[in-house]
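Asker: Protein chains in written order, with my numbering: chain A, 110 to 220; chain B, 2 to 116.
Hints listed in this document are in silico derivations from the structure and should not be mistaken for laboratory results.
As the structure is a prediction and not an experimental result, all values here were calculated from the model.
Cβ coordinates follow ideal geometry from the N, Cα and C atoms, glycine included.
Accuracy of the hints is not assured; some may be wrong.
Stated by the list, open to error - Pair by pair, the computed Cβ-Cβ distance ranges are:
| # | chain 1 | residue 1 | chain 2 | residue 2 | range |
| --- | --- | --- | --- | --- | --- |
| 1 | B | LEU27 | A | SER112 | 39 to 45 Å |
| 2 | B | ARG11 | A | THR204 | 30 to 36 Å |
| 3 | B | GLN61 | A | SER215 | 25 to 31 Å |
| 4 | B | GLU64 | A | ALA126 | 19 to 25 Å |
| 5 | A | THR135 | B | LEU27 | 32 to 38 Å |
| 6 | B | ARG11 | A | SER167 | 45 to 51 Å |
| 7 | A | GLY150 | B | THR83 | 22 to 28 Å |
| 8 | A | ALA126 | B | THR32 | 42 to 48 Å |
| 9 | B | ILE13 | A | GLN154 | 21 to 27 Å |
The primary structure of each chain is shown beneath.
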Amino acid sequence: GDSVTQMEGPVTLSEEAFLTINCTYTATGYPSLFWYVQYPGEGLQLLLKATKADDKGSNKGFEATYRKETTSFHLEKGSVQVSDSAVYFCALRETGNQFYFGTGTSLTVIP
Amino acid sequence: GAVVSQHPSRVICKSGTSVKIECRSLDFQATTMFWYRQFPKQSLMLMATSNEGSKATYEQGVEKDKFLINHASLTLSTLTVTSAHPEDSSFYICSVGVGGNQPQHFGDGTRLSIL
Numbered sequence: 110g111d112s113v114t115q116m117e118g119p120v121t122l123s124e125e126a127f128l129t130i131n132c133t134y135t136a137t138g139y140p141s142l143f144w145y146v147q148y149p150g151e152g153l154q155l156l157l158k159a160t161k162a163d164d165k166g167s168n169k170g171f172e173a174t175y176r177k178e179t180t181s182f183h184l185e186k187g188s189v190q191v192s193d194s195a196v197y198f199c200a201l202r203e204t205g206n207q208f209y210f211g212t213g214t215s216l217t218v219i220p
Numbered sequence: 002g003a004v005v006s007q008h009p010s011r012v013i014c015k016s017g018t019s020v021k022i023e024c025r026s027l028d029f030q031a032t033t034m035f036w037y038r039q040f041p042k043q044s045l046m047l048m049a050t051s052n053e054g055s056k057a058t059y060e061q062g063v064e065k066d067k068f069l070i071n072h073a074s075l076t077l078s079t080l081t082v083t084s085a086h087p088e089d090s091s092f093y094i095c096s097v098g099v100g101g102n103q104p105q106h107f108g109d110g111t112r113l114s115i116l
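Make a model of the complete structure from these sequences and hints.
Answerer: This is how it looks when you write it as C-alpha cells:
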C-alpha cells in the first residue's frame, strides 16, 4: 500500500543554516505530494505541493522537487529562521482524498 | 483566510463526559470531510471519512460507537467522543478535501484532555 517515510528528528539548526528533510514514498500510481507544517498548538498548514514528476513546489523559501526515479520529495531551505521552528509532515495522495502522512520531523532553529 | 473552522480549540473535562467537536467548511461545500487523531510527537492517523448525508467510513481499529460522526450538511461535520476516558486525550484535527490534485484544508485542531 501507499506510505511515506520521513527522516526522523528532532533536527536542531542554527539560524541561517541549510535545511534538508528527507521524504521518500511508496505508491502504486502517480500520487500528488505535499509538505505540511504544524506550528506549536496549531493544526496543519499546507507549505507546498507538487502534482507530477519533476514539478518543484516552493513557498516561503522552502522547496521540494518531485523525483519519480528516486520516489523522493525532499524539503530544502537555504537559510532557516527561528520562525521556521515547527513540525514538518510529508504527505501523499494517490486517488480520491485519502492522504498518507509521514511521522513528522521536528525542527528547532536556534538564534 | 481560514478555509476550515474547527471548534472548540481546547476542551478539558472529566472522565465519562461526551465531547462534541465541530468542523465547518467556510469557503465551499464539502461532501467529504476527514477526522484525524494525533498523539504527542506522532503523525496524524486518519480515523474516519465523513460523508454528507450518509454514514461515515471508519478506519480499522476505530470504534464507531465511541467516535460518533455526523455530517448533516455540506458545511458541517461533527465528531462526538462518547463517554470519554483519559486514553482519549489527544489532538483531533478535521480536514476538508476538495478533490482532484488539490490539498486538503485542515482545521486548527482540538486538544482534548480528559481528567
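Asker: Each hint needs a verdict: does it hold in this structure or not?
Answerer: Status of each hint after checking the structure:
The hinted range of 39 to 45 Å is not satisfied by LEU27 of chain B and SER112 of chain A, whose Cβ atoms lie roughly 32 Å apart. With their beta carbons about 35 Å apart, ARG11 of chain B and THR204 of chain A fall inside the hinted range of 30 to 36 Å. The hinted window of 25 to 31 Å between GLN61 of chain B and SER215 of chain A holds, with their beta carbons roughly 28 Å apart. A hinted range of 19 to 25 Å for the beta carbons of GLU64 of chain B and ALA126 of chain A is inconsistent with their spacing of about 45 Å.
For the hinted restraint 32 to 38 Å between THR135 of chain A and LEU27 of chain B, the CB-CB distance of approximately 34 Å keeps it satisfied. A C-beta distance of roughly 34 Å is found between ARG11 of chain B and SER167 of chain A, which places it outside the suggested range of 45 to 51 Å. At about 26 Å, the CB distance of GLY150 of chain A to THR83 of chain B agrees with the hint of 22 to 28 Å. For the hinted restraint 42 to 48 Å between ALA126 of chain A and THR32 of chain B, the CB-CB distance of approximately 44 Å keeps it satisfied.
ILE13 of chain B and GLN154 of chain A have their C-beta atoms about 25 Å apart, which keeps the hinted 21 to 27 Å range intact.
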